[in-house]
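Enquirer: The residues making up each chain are set out below.
4 protein chains.
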Amino acid sequence: MFSVSITPRVGETDAMGHINNCVAPIWFEQGRTPLFRIFDPNLDFNHETWHLVMVHAEYDYVEQIYCRSVVEIKTWVSHIGKKSFSLKHEAWQEGRLCIKCGVVFVYYNFITQKTEPIPDNIRSRLEQHLITINKEQLTRKREKVKRNR
Amino acid sequence: MFSVSITPRVGETDAMGHINNCVAPIWFEQGRTPLFRIFDPNLDFNHETWHLVMVHAEYDYVEQIYCRSVVEIKTWVSHIGKKSFSLKHEAWQEGRLCIKCGVVFVYYNFITQKTEPIPDNIRSRLEQHLITINKEQLTRKREKVKRNR
Amino acid sequence: MFSVSITPRVGETDAMGHINNCVAPIWFEQGRTPLFRIFDPNLDFNHETWHLVMVHAEYDYVEQIYCRSVVEIKTWVSHIGKKSFSLKHEAWQEGRLCIKCGVVFVYYNFITQKTEPIPDNIRSRLEQHLITINKEQLTRKREKVKRNR
Amino acid sequence: MFSVSITPRVGETDAMGHINNCVAPIWFEQGRTPLFRIFDPNLDFNHETWHLVMVHAEYDYVEQIYCRSVVEIKTWVSHIGKKSFSLKHEAWQEGRLCIKCGVVFVYYNFITQKTEPIPDNIRSRLEQHLITINKEQLTRKREKVKRNR
Chain A
159 MFSVSITPRV GETDAMGHIN NCVAPIWFEQ GRTPLFRIFD PNLDFNHETW
209 HLVMVHAEYD YVEQIYCRSV VEIKTWVSHI GKKSFSLKHE AWQEGRLCIK
259 CGVVFVYYNF ITQKTEPIPD NIRSRLEQHL ITINKEQLTR KREKVKRNR
Chain B
159 MFSVSITPRV GETDAMGHIN NCVAPIWFEQ GRTPLFRIFD PNLDFNHETW
209 HLVMVHAEYD YVEQIYCRSV VEIKTWVSHI GKKSFSLKHE AWQEGRLCIK
259 CGVVFVYYNF ITQKTEPIPD NIRSRLEQHL ITINKEQLTR KREKVKRNR
Chain C
159 MFSVSITPRV GETDAMGHIN NCVAPIWFEQ GRTPLFRIFD PNLDFNHETW
209 HLVMVHAEYD YVEQIYCRSV VEIKTWVSHI GKKSFSLKHE AWQEGRLCIK
259 CGVVFVYYNF ITQKTEPIPD NIRSRLEQHL ITINKEQLTR KREKVKRNR
Chain D
159 MFSVSITPRV GETDAMGHIN NCVAPIWFEQ GRTPLFRIFD PNLDFNHETW
209 HLVMVHAEYD YVEQIYCRSV VEIKTWVSHI GKKSFSLKHE AWQEGRLCIK
259 CGVVFVYYNF ITQKTEPIPD NIRSRLEQHL ITINKEQLTR KREKVKRNR
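Protein sequences appear in the order of chains A, B, C and D.
So the working numbering is basically just the index in the first sequence, starting at one, shifted up by 158.
So the working numbering is basically just the index in the second sequence, starting at one, shifted up by 158.
So the working numbering is basically just the index in the third sequence, starting at one, shifted up by 158.
So the working numbering is basically just the index in the fourth sequence, starting at one, shifted up by 158.
Because the hints were derived from the structure by calculation, they are not lab data.
Hints may contain errors.
Cross-link-like lysine-lysine pairs, in silico, BS3-like; alpha carbons within 30 angstroms at most [stated by the list, open to error]:
| id | chain 1 | residue 1 | chain 2 | residue 2 |
| --- | --- | --- | --- | --- |
| 1 | C | 240 | D | 232 |
| 2 | A | 272 | A | 240 |
| 3 | D | 232 | C | 232 |
| 4 | B | 232 | A | 272 |
For clarity, every value in this text was computed on a predicted model and none was experimentally measured.
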């Protein structure tokens, strides 16, 4: 599991005094930067080195986040397919789980503009960060979150 | 249905040359500004006038979007509950459906920090923008989108 | 002179209830998109087609901007040098001049990573948008702005 | 002098492969967060606690910044007036001075919507971060920067 600390920015608040919900995707993107280095070690981030396209993202906003203190973004791999993989993220502030996120990426060749199978060396590195939760655990976890709301 | 035209900004591209996926939530937020005026007619946007909190959002990234031309954001109400309602959005560029989005808002009192039932006058205005698609239509629509990919 | 209308976004406010000052550079960038098309007509925006690097920008924040109404961004060319040119921008909301901006770009070859003289055909198109204000006019204009504050 | 480390975000790049110039103001805003705590210790950031309005900002873009490595934002107080004060910022990446910035804030009462003198207790804390460079030093510093370009 990756953990990245983010200091909220003043401009990330909105007129309601909390962090605007559109900021979440950007923070989770930052949370997965260490994982991006598995694919593009130096983050050269060009059409030769970059191979990821996001195809799905979802966010559950559980609690409001404020500017006043650090936010921890936790990131793990939840599924690895042939050409795609899924990540889970959580944003925590002051001991509260504030946002849950799931995203799906496909492995993509920007030169041919086609999807490709995930190379084996990358797959094995992704597997080191794979955490699968069985349905029973998930139900218990969700009930706990509900009680804490 | 609301339709809002957005001119992509140079800084909304990323190093892949396309619009960065984190921009989508911001564009859809802009797409729902006319709908926000149902709740807060002058967009005064303070703790007395504002009553919306996003609790869920999901995005399907179907096609890449580029900086070169206008993007149309379509917005409609897909469900109205007692204290919450759901919206659907689509982002279209050059005749291509590029991103699909669904969001859920709860009606919220920022002073008491509690959810409240949606007032009747607002409910009836939301209903004017309600479009429900039955499952059969949805399946056909999804197949059509797949064929066009 | 170019004029571009911008609808403020909810997420562009900050906790003070006004538009955050960091939004100004992004809006002025959008204001100069029609001018960018002089350099890169289809906004292909790649290392072959793009030739602009910003070297200086300055902003005077005169009045607060709010989310509630459209903002007009006015843009003109204020100086054309051999390898660089300057633009002026103004942001107006509800008849109030809110932000003044000046930026300097150099003509830049992203492949050789070197500055180059502005080509003649581009220079002549820039000249069509050139507005120079002499010092006397500027003083009078500034006094008028002060009186209106 | 304050120093804050910033990890560039993928979405902060643009199609040129470098960090978009509109990101600079946001990073410098983050750089001055420790200084904001002099004014609003818990960053409650509401109309009672917040007293700052930016009136001027300027940026010199010296070198391109890339996504691949951490950026250091250095911040110091350069001038303290009766109702306003000035800050200087620098953004450094991989030993290169990339952006220089100067900003001016006024002390502002958001409830009366009027400027006010900076309170003495805040003034004395600002003075601890005051660095003034005389003109001779500045000229030498600028020549050094030029030589390193």
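Enquirer: Now tell me if each hint is right for this structure.
Expert: Evaluated hints:
Restraint check: the Cα-Cα separation between residue 240 (chain C) and residue 232 (chain D) comes to about 34 angstroms, which exceeds 30 angstroms; the hinted pair is violated. A threshold of 30 angstroms between alpha carbons decides the hint, and for residue 272 (chain A) with residue 240 (chain A) the separation of about 14 angstroms falls inside it, so the pair holds. Distance check on the hinted pair: residue 232 (chain D) and residue 232 (chain C) sit about 33 angstroms apart at the alpha-carbon level, beyond 30 angstroms; violated. A threshold of 30 angstroms between alpha carbons decides the hint, and for residue 232 (chain B) with residue 272 (chain A) the separation of about 28 angstroms falls inside it, so the pair holds.
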